[in-house]
Amino acid sequence: MSVAILRQGDVLIASIRADLSDGQLLALRDDLAERTGADRIRGVVLDVGALDVIDSFVARSLRSIVEALRLRGTETVIVGIRPDVAIAMVQFRLNLEALRAVLDLDEAVALLDQLTDREDADGG
Amino acid sequence: MEDDVRIPIAADTDLIPARAEGRALAERLGFTRTDATLIATAISEIARNIVVHVGQGEIVLRALDDGRRCGVLVVASDEGPGIRDVDAAVQQGYADSASLGLGVPGARRLMDEFELESSPEAGTTVKMVKWRVRDDLEMLRERRRRNDVAG
Numbered sequence: 001m002s003v004a005i006l007r008q009g010d011v012l013i014a015s016i017r018a019d020l021s022d023g024q025l026l027a028l029r030d031d032l033a034e035r036t037g038a039d040r041i042r043g044v045v046l047d048v049g050a051l052d053v054i055d056s057f058v059a060r061s062l063r064s065i066v067e068a069l070r071l072r073g074t075e076t077v078i079v080g081i082r083p084d085v086a087i088a089m090v091q092f093r094l095n096l097e098a099l100r101a102v103l104d105l106d107e108a109v110a111l112l113d114q115l116t117d118r119e120d121a122d123g124g
Numbered sequence: 001m002e003d004d005v006r007i008p009i010a011a012d013t014d015l016i017p018a019r020a021e022g023r024a025l026a027e028r029l030g031f032t033r034t035d036a037t038l039i040a041t042a043i044s045e046i047a048r049n050i051v052v053h054v055g056q057g058e059i060v061l062r063a064l065d066d067g068r069r070c071g072v073l074v075v076a077s078d079e080g081p082g083i084r085d086v087d088a089a090v091q092q093g094y095a096d097s098a099s100l101g102l103g104v105p106g107a108r109r110l111m112d113e114f115e116l117e118s119s120p121e122a123g124t125t126v127k128m129v130k131w132r133v134r135d136d137l138e139m140l141r142e143r144r145r146r147n148d149v150a151g
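Taken in order, these protein sequences are the chains called A and B. When you line the first sequence up against our numbering, it's residues 1 to 124, in that order. When you line the second sequence up against our numbering, it's residues 1 to 151, in that order.
Here chain B stands alone, though its shape is the one from the complex:
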């Protein structure tokens, strides 16, 4: 399993490496270029929320593997004041910030799983995952590779 990739987010220029690392991880895991772009776009959106609303935070990228599927997990966290109405933010975007109206619901549509937790004490954490289902041939190769490593 690969190590986590951590990208500190403190300015709009940090979005560029965050997107690039997300794309690179997705491509290493065999995602199509289109899916890699969807992941990079979702990362960009969530990272921008951190820059605009809080000022600083962190994006952590992790490769997931549950046998049949592999995935990219993106965890974006900040220690800001939290979001008052999480449901509204997820459904419609932040009502109190017209400029980010699309951010959260948009990112959610680009990913397979999306969770947002927020409180005034702990800040805001977004976890999102995009999965890729392995086909039979790939499963076979993966098993062989593992056997080779074990043997």
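Just chain A, with the same shape it has in the complex:
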């Protein structure tokens, strides 16, 4: 399988394992939108470290994943964009405003806690 989705508490961790075709990316979006509602998911960490290339279609698909999940009440954080891929994305001048990206899983979970006011919810 090219994407592994693990659940850890109320966070889903979706790891892309191999270069995805366009169709597989869209299927991932649908799958995540479905599962976040069904499983009461607070946040999604999307690991894109295996993506060799993030061109305009892939960037747009990632953005549409982030936006669709937000409408389902779920925040998404992207992790693992490779350095060479990051440089290509900038040179391409892709519009990346919607993407929240961090370096690794720990940072992603910390950011999700912050975005979803985890402390408040636990305290109250």
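It is possible that part of the hints are untrue.
Unchecked claim - Restraint-style ranges between C-beta atoms, simulated for each label pair: (1) B/E117 x A/E97: 30 to 36 Å; (2) B/K127 x A/V90: 20 to 26 Å; (3) A/D117 x B/L137: 54 to 60 Å.
Quick caveat, the hints were computed from the structure, so don't treat them as lab data. Model, not experiment: these values are computed from the prediction. Note that CB positions come from ideal geometry on N, CA and C, so glycine has one too.
Place chain B on chain A using the hints.
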């Protein structure tokens, strides 16, 4: 000189081998990983234009060598209806397809040379090149290697 690598493009899944072959050729020619990624990204973008707008076409990859520099030539061709306003496509992307607004100008920024020819009769051909300048040490080694082969 290496043989051309030809990759038929008929579906979005064909983009994966097209990108991989482009990256592999760039790496064989000594491009950095970052440059190989720029080349693979440009190939992906241009190949996707073929899939979305025409349905099928072909990507040809060729190693270039002009002594001081080596390069990757990418030729993407299709026999589709052509692009009405080539200048606009190259400058701003296709106005009539919001989904590909960034494709052509983006690919152009990733490469050193970029040419787009299009007509309703002959379809569309994109030629793009990324160059890598050889340093002095590499030039010396290359000359020695050639002399060895000749001798």
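Hint-by-hint comparison with the structure:
no.	hint	result
1	B/E117 x A/E97: 30 to 36 Å	35 Å, holds
2	B/K127 x A/V90: 20 to 26 Å	25 Å, holds
3	A/D117 x B/L137: 54 to 60 Å	58 Å, holds
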